[in-house]
Amino acid sequence: MITTTHYMVLSAGLFTLGLLGVMTRRNIIIILMSIELMLNAVNINFIAFSYQLQNPIGQVFAVFVIVVAAAEAAVGLGIILAFYRNKETINIDEMSLMRW
Amino acid sequence: MVDAVAFYVLAALILGFGALVITAKSTVHSVLFLVADFLCVAALYVTLQAQFLAVIQVMVYAGGIVVLYLFVVMLVNLKRPPEVHSDPRRLGRLGVVMSVAVLVELVAIFALGWSKPEVTGGGGLSPKNVEQLGRLLYQDYLIPFEVASVLLLVAMIGAIVLAKREL
Amino acid sequence: MDLIWLIPLLPALGAAVNGLVGIRFFSKRTAGLVACTLMGAAFALSLWAFWGLLDLPAEGREHTVRVAPWMSSLPLQLSDGAIGTFDIPWGFRLDPLSAMMILVVTGIGFLIHIYSIGYMHGEPRGAYARFFAYLNLFVFFMLMLVLGDNFVVMFVGWEGVGLCSYLLIGYYYTKKSASDAGKKAFIVNRIGDWGFIIGMFLIFTTFGSLDFRTVANAAATMPVETAGFGVVSLITLLLFVGATGKSAQIPLFVWLPDAMEGPTPVSALIHAATMVTAGVYMVGRNAVLFSHAPETMQIVAIVGVATAFLAATIGLVQNDIKRVLAYSTVSQLGFMFIAMGVGAFAAGAFHLMTHAFFKALLFLCSGSVIHAMGGEQDMRRMGGLRKYLPVTFVTMMVGTLAISGIFPLSGFFSKDEILLKAFLSNKIIWGFAVVAALMTAFYMFRLMSMTFFGGYRGPAWETGGAHGHAAAGHGHGGASPAVAGGGHGAKSAVAGGGEGGWHGPHESPKSMTYPLFALALGAMLAGFVGIPAALGGGNAIEHFLEPSFVAHAVVAEHPTALAPSEAKTLSESASVPESKGEASSEGGAHISWLGEIGLMAFSVFIGALGIFVAWRFYVKAPEIADNLARRWAGAHRVLSNKYYVDEIYDATFIAGTMASARGLWTFDARVVDGAVNGTGWLTMISAWFSHLIDKYVVDGTVNLVGAVLEESSFVLRRVQSGLVQNYALFMLFGVFAFVSVYLFMR
Amino acid sequence: MVEAIILPLVKIVIVLVAVLVTVMYIVLLERKVQAWVQVRLGPMRVGPHGILQPLADVLKLFVKEDITPVRADRWVFTAAPIIVLVPALIAFAVIPFGKTLSLFGATMPGYIADVNVGLLYIVSVAGIGIYGIILGGWSSNSKYPLLASLRASAQLISYEIAVTMTLVTVIMLSGTLSMVGIVDAQLAGGWWFGFMQPVAFAIYFIGGLAETNRAPFDLPEAEQELVAGFHTEYSGMRFAFYFLAEYANMIVVSSVATTLFLGGWLAPFPNVSALSFLGLVPGWAWFILKTFLFLYVFLWVRATLPRYRYDQLMRLGWKWLIPLAILNVVVTGLLKVLVK
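Taken in order, these protein sequences are the chains called A, B, C and D.
One point on numbering: in our numbering, the residue at position 31 of the first sequence is 31, and numbering is uninterrupted.
One point on numbering: in our numbering, the residue at position 106 of the second sequence is 206, and numbering is uninterrupted.
One point on numbering: in our numbering, the residue at position 627 of the third sequence is 894, and numbering is uninterrupted.
One point on numbering: in our numbering, the residue at position 271 of the fourth sequence is 1284, and numbering is uninterrupted.
By construction, these hints were calculated from the structure, which means they are not laboratory data.
Be a bit skeptical, because a hint or two may be false.
So the derived label-pair ranges between C-beta atoms look like this [unchecked claim]:
1. C:Met1012 <-> D:Pro1021: 52 to 58 angstroms
2. B:Val207 <-> D:Pro1082: 45 to 51 angstroms
3. A:Asn86 <-> C:Val975: 50 to 56 angstroms
List of simulated lysine to aspartate or glutamate pairs, EDC-like, C-alpha gap at most 16 angstroms [said to hold, decoys possible]:
4. D:Lys1156 <-> D:Asp1079
5. A:Lys87 <-> B:Glu183
6. C:Lys450 <-> C:Glu863
7. C:Lys694 <-> C:Glu426
8. C:Lys295 <-> C:Asp322
9. B:Lys125 <-> D:Asp1086
10. D:Lys1156 <-> D:Glu1238
11. B:Lys228 <-> D:Glu1238
12. C:Lys962 <-> C:Glu977
Which stretches of chain A does chain B cover? Using the computed rule of at least three CB atoms under 8 angstroms from a CB of chain B, they are [claimed, not checked]:
13. 33-46
14. 52-66
15. 72-86
For every residue, glycine included, the Cβ atom is placed at its ideal position computed from N, Cα and C.
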């Protein structure tokens, strides 16, 4: 029997994967993708609970999460392009101008 | 029985592709794995009676967002691989440790059954999934819906302004 | 009658139009037309209001209109600890007294406006409009004064007329003597206003209100202060100080003669007919208060008679035609105050009205004479003008007979009434008053004879303008009249440029003579409203005016307090006869019909005697006057120098003020500035110390803090590595903390 | 068990085979049509009137050597054709060939699955197809394919918007997303949506041409500019996959058009009793007929119209079709509100 706990564990795992990606990778594109992974983990939770409670509102919020993800991806990639045009790199470690 | 098998298979695929996404050497490969991951998540949605969301997942994520990533990856043709230069002050390992710790804690919480996972009476989710969501979105959640659309518009303009070379 | 608030507003409108627009744009014709039309309208309106008043029953002849609130009501503590509400509305009150006053003001004002059109025609266009603007403004304030239903509104008018008289006296502001006279009038009035204001404060703290009717009713319930000098006496005394200032009584009469620097219509309207009677009016308005303060009444009577006597003596020897009239005005005002002092308020008001008529008439006639003489004011340079100015002569003769109290002209009735009441109350006062009346007749007829009889002593009139100027050199009685004459002569020459300079004494234009006729008619007939009972008349004016002087509303307000108040009024009627008007004049008339007739005959005889003596001295044998002057040279000098009052004031008050000011200045320079400088030094020294403290202690602390921060920052700033992932790591710590909280200590 | 597993499998196999065969013969048909348009004969050698030509082509493609360029990304290079082909084939899962279908005497629903989001399913699956093109062009590590793939993906994404907008209008009319439901709605409404939505139909047709990289929008494989488009480096079986995918996509577009605008399996004038004899012909036959009509128009257009320039293509897509489609949606909504 698959309970909501399973889905939650799954989403926790996926979330942690995204977290690891954010923590370890230096390629900013991949970091953005890891963030997408985390958002998906969130969505899995929403859907799982909407299934458990038999309540579609969870899906509504998942839709909103997807919207935000789309906006975030668009703007983030735009920033990456602009940055790349200036510094010829997408290495996040070279994006450390804001420091003392 | 069947759904259990489906779940475990899909979960394995999702986690596996996720791991591949963050470990793949070439960016394009990780993009591909990301697509695969999203498709598996969509399949998971289908098993959870969220067909509309599954399709949206495929359409928006796989069909839109990730294509965007792919474009960027292609536009950014690097002379040197992005990962060579590493700042000594990065605390990567500590990050890994912390993430794993968080994971352990979460799993502990779930495993200890503190999230009340018993399934309530079914039937709330009708097979006419689309109508349900449509009514919710356009009646109860109209304002958030409009706000979200405004957010999209703003993001679109912002992306254009950022990415365009000369305005 | 609800429209009485319009009566003051019309002249105000005229003033605004003429003052704001007219000075720039109006032609002389337009300006005069505007002013006179509005005045006529005001006059008509007041006539209408007067008839409306007459329709009411005698006791109820009182109408109050509250146009708008002015000072919102705020509670204040009174002297007896009670709480009175201080609220002042723009309230207007029409009762017999104010009705008579507005009739006098608007009527005579109207005539004088018309007169001014002719008299001022020599002025340049702007000044002409300015003159009429001032005149209208004055009428406006005067009406506010007489119509106001509480002290504050009255005070507004009070100050306003003072301002206007200042403006109009200093109308020829290019002439130093004129502007000085204006300042003098203003400052002297300030002293009186000081008394008035203090009186107002005292009234409020005593009665808790400033409304005339309320105050009168409250006062009627208080005991008459026969015994000691109480608060009511103090109030009334202070008010009387104000009255002396405004009405030129001793000791504040010095400004009025100098006020003759103004144009003659101004002298007629302000300094004879209306403004100077404001004090009398104010005393009459507060009749109830005064009748409760016998001491003050005594003071008022004494001051009045003294003023009447002294002014008359001074008037005997003056040579400037307008100054003679000025002093006669002062003495007539003295007569009015005698009436007030002996409690004959009605008689005083009656004399006020008649005096307004004939004194305005006399002034206007003198103005006509001056006009005819091309600005000459010295009577010794006139004479024999009878044949040149017949109209002026006739009208002025009427005025003179009226003021001398010759039966049956208006002066006779009013003055005789006063003398009667004085005789009833105090024989000494009566004696002085009679002598003053005698001298009045004398100097008035002296004026007539010097001006109109005998041979012509004026300058030859081919080069009259030049002589007018030459007269400046050997003018008598101070430089001002001759200079005025010169200036005026020059002006009239400028004005008469059309008919080629001043050629000989000539009758004035119609716009001037018609008002003379009208006023002469008034001077003749005004008396018949007050034919005394002895002559079979009903003394209508007293019956009419009586309600204004009693607190009849008391009956309505506190029936319980009725009996004691009535008792008081009776008991006081002994000490202050006639103060309750009709009732007690019936009950308390201690003189037979025969005696009354005798008094009248005596006063007429007095007037005739004065006239005869003057005729003897100045027409038959002019040398007698010179002999007398030579024999009594000392007295003559004293009189012609007006008892040196101005000089005394200069020596005492003004010099004293100067000296004290200088002393204060020295004190200021030495002590105060010294103190200030000392403080400055102290400040500088302490500042030096505090500077040290600042430098080493405060800055030290600040620098210490900075240094600490800098050192610690060496450690802390590692945190800001600029690496996104480290920041994310911190967030991760936060997440970890929250999850741990949830996990372990749910 | 049989109902749940066997029958769907059987249907899937049938559909796949049918599609592949159809693709083979559409290629032949295209060549013939073009030949006739250009007054030629076309392939005549293999079999009568070259009827066996497709078999020969397939044979050739199978036996050809399969070349992988050096320094190409091997995995992606291999995966790309499959990524292109699979969506094109699985899109058929929701396309209703008929209300019912008699097979081996048994009667069963004429479709593999009737999802309540069928239309969106097709759209999303079509979206997946783009990856194949992009990756193919990118992984072959050569400049012409890269350019072509970028062009192709840009073109596909642009026109997908317009097409989706037209689908939205259809959904507004039918009130459902399921393909069967849409056809039933047309039956109930008594009108084919093609007639109720001529604008949407036109836009869908143009968009379909663009989405399948057909002339006059076949920029991605414009021989004159970039040698052969994104599959320049491909050969043999992988090339065959691309080939198959393109034509399969054509069939998908055509059948979707048939379902949405031409009343699917419905006979013409189903509710006119005089023409009820048309109902004798089975539904799937009508469906195939209409689809082939549409396909023929494709070929015809290719043979007729010259190719667009790329900027013209983009301008058409962004400045005409998308605004027009949005306007169409708005007008449709207004009419729907006002009429009701």
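#### Entry: Distance restraint between Lys1156 of chain D and Asp1079 of chain D, which requires alpha-carbon spacing of 16 angstroms or less
At roughly 20 angstroms apart (the allowed maximum being 16 angstroms), Asp1079 of chain D and Lys1156 of chain D break the hint.
### Message
Can you confirm whether chain B covers the segment 72-86 of chain A, using C-beta to C-beta distances below 8 angstroms and requiring at least three such residues?
### Response
holds (count 12)
### Query
Would you say the C-beta atoms of Val207 of chain B and Pro1082 of chain D sit inside 45 to 51 angstroms of each other?
holds, 46 angstroms
### Query
Taking only the CA atoms, is the gap from Lys694 of chain C to Glu426 of chain C under or equal to 16 angstroms?
violated, 37 angstroms
### Task
Given the range 52 to 58 angstroms, decide if the beta-carbon distance of Met1012 of chain C to Pro1021 of chain D lies inside it.
54 angstroms Cβ-Cβ, so the 52 to 58 angstroms window holds.
### Message
With the threshold set at 16 angstroms, check whether the alpha-carbon distance from Lys1156 of chain D to Glu1238 of chain D stays at or below it.
### Response
Holds, at roughly 12 angstroms.
### Task
Given the hint that Lys87 of chain A pairs with Glu183 of chain B, test it: the Cα-Cα distance must not exceed 16 angstroms.
At roughly 15 angstroms apart (the allowed maximum being 16 angstroms), Glu183 of chain B and Lys87 of chain A satisfy the hint.
### Task
For the pair we were handed, Lys125 of chain B and Asp1086 of chain D, check the Cα-Cα distance against 16 angstroms.
holds, 12 angstroms
### Message
Would the hint linking Lys450 of chain C and Glu863 of chain C be met if the CA-CA limit is 16 angstroms?
### Response
Since the Cα atoms of Lys450 of chain C and Glu863 of chain C sit roughly 46 angstroms apart, the hinted pair is violated (cutoff 16 angstroms).
### Query
Do three or more residues of the segment 52-66 of chain A come closer than 8 angstroms to chain B, measuring C-beta to C-beta?
holds (count 12)
### Message
Hint check: Lys962 of chain C vs Glu977 of chain C, CA-CA at most 16 angstroms. Holds or violated?
### Response
The given pair, whose Cα atoms are some 21 angstroms apart, is violated under the 16 angstroms limit.
### Message
For Lys228 of chain B and Glu1238 of chain D, compute the direct alpha-carbon distance and say whether it is at most 16 angstroms.
### Response
Violated, at roughly 49 angstroms.
Checked against the numbered hints given earlier, the structure breaks hints 3, 4, 6, 7, 8, 11, 12 and satisfies all the rest.
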